[in-house]
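Going down the list, the protein sequences come from chains R and E. First residue of the first sequence: 1, per the working numbering; consecutive thereafter. First residue of the second sequence: 1, per the working numbering; consecutive thereafter.
Mixed in with the good hints, there may be bad ones.
Said to hold, decoys possible - Here are some of the chain R residues that sit facing chain E, going by a computed Cβ distance under 7 Å: (1) ASP95; (2) LYS133; (3) ASN171; (4) GLY173; (5) THR178.
Just so you know, these hints were derived from the structure itself, not from any lab. Ideal placement from N, C-alpha and C gives every residue a C-beta, glycine not left out.
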Amino acid sequence: MSYMRACLIALFGFSLLLPGGVHADETCQSPYMPKITGVEEFVYVWTLGMNGIGDGHDKLVTVDNREGSPTYGKVISSVSTGGQHEAHHGGLTDDRSQFWVGGLDDSMIYIFDIKSDPAKPRLVKTIGDFVEKSGGVAGPHGFYALPSRMLISALSNKDRTGQTALVEYSNEGTHIATHWMPGPGRPYAGLENAGKADGYGYDARVLPRRNVMLTSSFTGHENYMRPLGDVMGDKEAMKKFGSTMIVWKLHERTPAKVLEVPGVPLEVRFAWGANNNYAFTSTALTSQIVLVHEDSSSGWQAVPVADIGNPKDLPVPVDISLSSDDRVLWVDTFMDGKTRAYDVSDPFKPKLIYEKVIGKQVNMVSQSWDGKRLYFTSSLLANWDKTGGDNEQFLKAYGWDGKELKPRFEIDFIKEGLGRPHLMRFGSSKLY
Amino acid sequence: MTGRRLTLFSLLLAAATICGMSTTLRADDGGPALRPSSFDYPAPVPGSYNLPPIKPAPDGTVLNLKGREISLRSLMAGRIALLSFFYGSCDDAHGCPLAIATLMSVFQAANEDPQLPRRLMIISQSFDPGRDTPAAMAKLRTELLDGPHTGHHGASGPGGGTDSPSVPWEFLSARSEASISPLLQAYGQALTRGSGNDAEKIAHLLRVYLIDSNGMIRNIYGVAYMNPDVLLADIRTLLLEERAAGHPVN
């Protein structure tokens, strides 16, 4: 057994039997789950239904990534959920037996078994009462594995505004607790900088060894389900976006400090290094990379460390992905369809080392544990995607040699009758 | 095989006792960059937070050290319980041995607390009944609890200290893999039994369950939570909750 393998086994608490050593997944997963350090066999894509495309329903699409397989680079499974729910994000349970995905519009949650046959996910449970059970939270967005439970970061509430919460479910699918984001009318004792809390939510990530959870902020149903042009032209609507991040005490699930991060901070990615007490986010409207770091004297701080493209052009940074060695940060910008790689060896001084146009629009990026394979999908939100000829909908897979992205395969999700591909997660039969 | 297992545990316990859990958990000494290593934060203040019920603790029939079938839940008998599933041949230093070492730290600290020996119990339930027979469990228990490093006050049986009460620590087996399987599934304890050259290994997630005196699971710990100070804070939070609810605290 290699030292790496031993350490990963130790870290993630899952002793794998496989001689090949398959532990990892992309680098942005919960620290509580086993990872695939070898080559991912399958890419699961949570896909929005499009009217007139296939059955028009949201679906979980499985792509074969096994080189040498007769179906390599092809869709090998598609499971419809019957309807359009505004498919968006999802997450694997800590034992990687299930893939939970959510709908931002109607708050439906679908749970797929990916263990029994990783090549053919099977819908095994549907949660239709998320709003009721959570006490009025709506728009289940992020799904993040904690031990034997799922932490769901939501975007909205039953009134469709952006005041929202973190919601915990057991892996069996029962509600455990709801933790409302601090904001107007929702005070928390001892919360530092409480007056700036805005109540919005988006992502939630944890750094267990510092007992820290970090959340970011977006907007509510009243905005994310409207056409983007309408929202951008509505001054009042544009005031209803998040401009904060919250540092929480993880174990206690209590907010400790409000960080002011103007411009809608979205994805949160903690560094992996054992002594790297920091995370990155990007701001959608101000187009910046923001470093959230722990200062020995002042505690957790948020500081912009780089512009992404020209902020005046509104490139709209969306997904980001940090390599497992904390050296490379990939940043997708939706409007120009680009991905950019930054050398973040010095997290305070990101250096742009590569950029490439992936398509007319691009949103999500996922990378393998070794950073040698990257996958991109195109859709942002049903009503925010580009239209006409610019509405490309694809999954594109690349190899990365440290200098250049080289195409491996791509799938046109419209030609295939699938829809708008969004979040990706990796699977492997060798995990079980 | 049994002797090797016991030696492994002894060494690990000694390391944990001498070096402290933080050292045991470190993974940054030249290996890959890894996130959860030592716990460099103070444990939360008991009672300053909530532990919402997760689900009722499932019950099942298991074997005690005498080879008698007993109900797992009845064993808890109104106590707060820390339940850990494990197997004695586990050679992953951050797997079962880590769980045992963490529980040992909790055990030692709890025995110094005037309340906990009467309100807390620890249960180590094997999921490898073929090798972890009642006799093997009894031997393991003796090795673990009768050493001078344990702070245990003369353990001749559960809670059977001669000087002062000690936290009961039960080691349990099962009739067969088939008989323990439903219990594991009900708790959500994921594992895969090996085959071929790996037939002796059992791939599993490390899980420890905190169960309140009403039989509700109140927390579930993984590797990143194997901090004895945090477990103790949670236990004391439940004790404060019991007191607030008027439960007689001995």
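| field | Unmet hints by their number, sorted upward, for this structure | value | Violated hints (numbers, rising): 2, 4 and 5; every other hint is consistent with the structure.
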